[in-house]
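Asks: Listed below are the residues making up each chain.
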Amino acid sequence: MSALQGIRVLELAEQVSGEYCGKLLSDFGAEIIKIERPDGGSPTRYLGPVAEAGDDAERSGLFAYLNTNKHSVTLDLTSADGVQTLHKLLDKVDVVVADQRLDWLQAAGLEPEAVAARWPALVLCCITPFGLQETPAELAATDLTVFHSSGWGFHTPSAPDLSRPPLKGAGRFMASYEAALDAALCVVAALCERQTSQQGQLIDISMQAVLVTRTDYVMGQMVAGDMPVSDERTAFDLAGPAAIYATADGFVYIWMSAPAHWQALGTLLGNPEWMNDFPGDWLEKGCTPERVEVVRGHLATWLAGEEKAAISAAAQKLGLIMVPVNNAGDLQACEQFIYRQYFAEVEHPRLGKLVHPTVPYRMSETPASIHSPAPLLGQHTATTLAALAGGEQ
Amino acid sequence: MSAIKKRGGPLEGVRVVELTKVWAGPYTGKLLSYLGAEVIRVESLGSMDVTRTYGVEDINNAPGWKAVNPQKLSVQINMKSEEGLSRLKDLLATADVLVENLRPGAMERLGLGYEAVKAAKPDIIYVSMGMYGAEGPLAYQTGYAPCFAALGGLSALVGYEGEAPTGMNVRYADSTFGTAAAYAAVVALFHRGRTGVGQFIDVSAVETMSSMIGDALINYSLNGVVEQCNGNRRAEMAPHGVYPCAGGDWVAIAAHSEPAWQALAGLLGLAGDGRFATLADRKANEAELDKLLGEWSCSQEVTGLVEQLQAAGVAAAKSENSLDLIADGNLWAREFYPNVTDAQAGSRMTVGPSWKMTRMAEITDGAPALGEHNAYVYGEILGLSQDEQDELVNKGVCR
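Residue numbers (my numbering), protein chains in the order written: chain A, 592 to 984; chain B, 29 to 427.
A few of these clues could be false.
[Said to hold, decoys possible] Counterexamples of contact, computed for chain B against chain A with all Cβ distances above 10 Å:
| no. | residue |
| --- | --- |
| 1 | G74 |
| 2 | T81 |
| 3 | I87 |
| 4 | K94 |
| 5 | R137 |
| 6 | G141 |
| 7 | D243 |
| 8 | V253 |
| 9 | A299 |
| 10 | W324 |
| 11 | Y404 |
[Said to hold, decoys possible] DSSO-like cross-link-like pairs, simulated, lysine-lysine; straight-line CA separation at most 27 Å:
| no. | chain 1 | residue 1 | chain 2 | residue 2 |
| --- | --- | --- | --- | --- |
| 12 | B | K117 | B | K311 |
| 13 | B | K117 | B | K34 |
| 14 | B | K33 | A | K876 |
| 15 | B | K149 | B | K108 |
| 16 | B | K149 | B | K319 |
| 17 | A | K908 | B | K49 |
Honestly, the hints are just simulated from the structure, not real lab data. What you are looking at is a predicted structure, and each value in this text was computed from that prediction instead of being measured. By construction, the Cβ of each residue, glycine as well, lies at the ideal position given by its N, Cα and C atoms.
Using the sequences and the hints given, assemble the complete structure.
Replies: Encoded structure:
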């Protein structure tokens, strides 16, 4: 039995944040009833990556990834009947995960206060860009704009070229994935409390706040007055030559912060003459921008002729912290990922066999698992509503 | 009556013992503490956390330490002594969760591997955090946060289009890793609440990073596409970028829908321009579009520009610097920076939780001084008399 088996979750999500939160719960056996609009379903069904082969409407790899183990029920929430059915479903579930804005929830009769009054044992988790208190001025938001409202955007990359724009992070959905993690954490914590209190509660997750909490080592010092606050794009940076460098076959990342790292580099390079211009402890005691620039130049020239995996292994043996910058192909071939079975094959009725990333935690008693592919649109409407009509618990 | 006051919150009554270092493991403990758990950091002078000593004279007044450890307790235990290890096991016998992110093999060398701790506390939830996780052919390797992001495939997706990746800001990865571990721990607590059974949890930092780019990994599975860094672009939207404003500020703008593009085109004077009529047109001419947008935005003051764009229904936000974050109205409306009090420096602001909940845990205390809660742990939890506690000091187990 996985940890959340028997927990029933109603998912009112049309974006990555809510759908990924639902996935994090369904990985542990929670039963997810995903409500979708009858005219086409969740918008994520139309987001890429879409299978290049075929012309079926159910070809989104994104939807397939985010919605494993879930049930799809179509319901027209613009109609009174639909809302009434939704409310009947709420009598039967433990948790609601929503990534809709407050006005949407109100239209569906789900103002948080009303939900608390009518379904006191329900855990209602709302994920919104800036939290339920958000002002109309911020109503239009995407992962890009939320990410840049959090400090991560402005301070990425480290050591920036100031003439070029700050960056959005990796891929499309970092803000959503991060927010979903905090949402799932709070939902299960609330379920723990409910084991004894029998009470539900409202959880209000701000995607912006989630991202800012991830900077706590820095912002915690800044807000306490222990670290300078500024409009500098380098305000979060650490000094030093740590960076990504190109190799003959890709890229490596080098971390250097201690005299031992400098010494290891010397050994690896056969103590070239240019290193003699640097005191042995310069990384700790004399890390000037000029020295960093000289070192970066030499590292770049040297690494351009090396191969990422071989040179990283050689560096690691000497105590120099260097790792390959992996891409999606590297990960599927990585012996560690294979050993830990990070990737799992899932058979999807339209996409066929598809290799999915799974979870970063191995649990001895309640392992996460994918037991069914993402549902086709409305696949479970009839059975779910029939069970509801039949009064099945 | 306990020396430790009740704070409420969903995890009230849960005791967490932390054997952690630097940021990721401590962040896990912080999240659990913010949810109401009692979190005790086990510390020793012989193996001090670098965040207590990095660039500071006073180990009890270290800014980095204080930033990540509010609302925790600290007990000093010399783990190089048999007596110390024995008391630590006594403490673990009272704990619900153990979080550790020491070097691979360190817990086993201390005699604190899962089986040993389980013998002391059969239903313990043992959370082990490692760069590559606790098991596997590369589990012996260690690294810092940017290494996690590089190895996990995330760094390769951050950078300017057609160039070498830059990776995220150097601070990224530890706190995300810590959150994944906290989630797994709470799932295990729920399971234990139902069944009485604890478990071993093995969390990988590298895999946590891969989970932040799951859709890109699916693209490789589905179509064999190895995604590359692409600046600020996104296939489904154009424009989708970050543009200069007056005074060195930057604004993030996304035309997230057709009406949003129409509104933006009106503001830019590009309504009806055939180069940008459809999304496909705009993607084909995106460099030109970005150039025109930048020329339009660069002389404008960012706050007014964001207001103007939002009023027109276009997703836009200032790219916030650290000054902006401290003044941010939404964060203040959520009481995001609570005041906490510590024994050394008095009251200070800190970074609160991301969530609001109906029944929140109170957050009132700053980070602890080393061994600040020795008397609570040795006296109240372990039931040692004052004489026995004095004896521990004499034996060098604590101060």
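Asks: For the pair supplied as a hint, K33/B and K876/A, confirm whether the alpha-carbon distance does not exceed 27 Å.
Replies: With Cα atoms ~44 Å apart, K33/B and K876/A exceed 27 Å; violated.
Asks: Is the nearest CB of chain A more than 10 Å from the CB of K94/B?
Replies: Nearest chain A Cβ is 7 Å from K94/B, so the label is violated.
Asks: Determine whether the non-interface label on R137/B survives the test: each CB of chain A must be over 10 Å from its CB.
Replies: Holds: least Cβ distance 20 Å, greater than 10 Å.
Asks: Taking the shortest Cβ-to-Cβ distance between V253/B and chain A, state whether it exceeds 10 Å.
Replies: V253/B not clear of chain A: closest Cβ-Cβ about 7 Å, inside 10 Å.
Asks: If I take the minimum Cβ distance from Y404/B to any residue of chain A, is it greater than 10 Å?
Replies: Holds: least Cβ distance 24 Å, greater than 10 Å.
Asks: Next pair to validate is K117/B with K34/B; report whether the Cα-Cα distance is within 27 Å.
Replies: 25 Å, holds
Asks: Tell me if the straight-line CA distance from K908/A to K49/B falls inside 27 Å.
Replies: 23 Å, holds
Asks: Please verify whether K149/B and K108/B have alpha carbons no more than 27 Å apart.
Replies: 22 Å, holds
Asks: Quick check for students: does the CB of A299/B sit more than 10 Å from each CB in chain A?
Replies: Holds, since 19 Å exceeds 10 Å.
Asks: Regarding the assertion that G74/B does not contact chain A, is the least Cβ-Cβ distance greater than 10 Å?
Replies: 20 Å, holds
Asks: Minimum Cβ separation between D243/B and chain A greater than 10 Å?
Replies: Its Cβ does come within 10 Å of chain A, the nearest being 5 Å, so this is violated.
Asks: Examine each Cβ of chain A, and state whether all of them lie more than 10 Å from the Cβ of T81/B.
Replies: Fine: 13 Å to the nearest Cβ keeps T81/B off the interface.
Of the numbered hints given earlier, the model fails hints 4, 7, 8, 12, 14, 16; all others are met.
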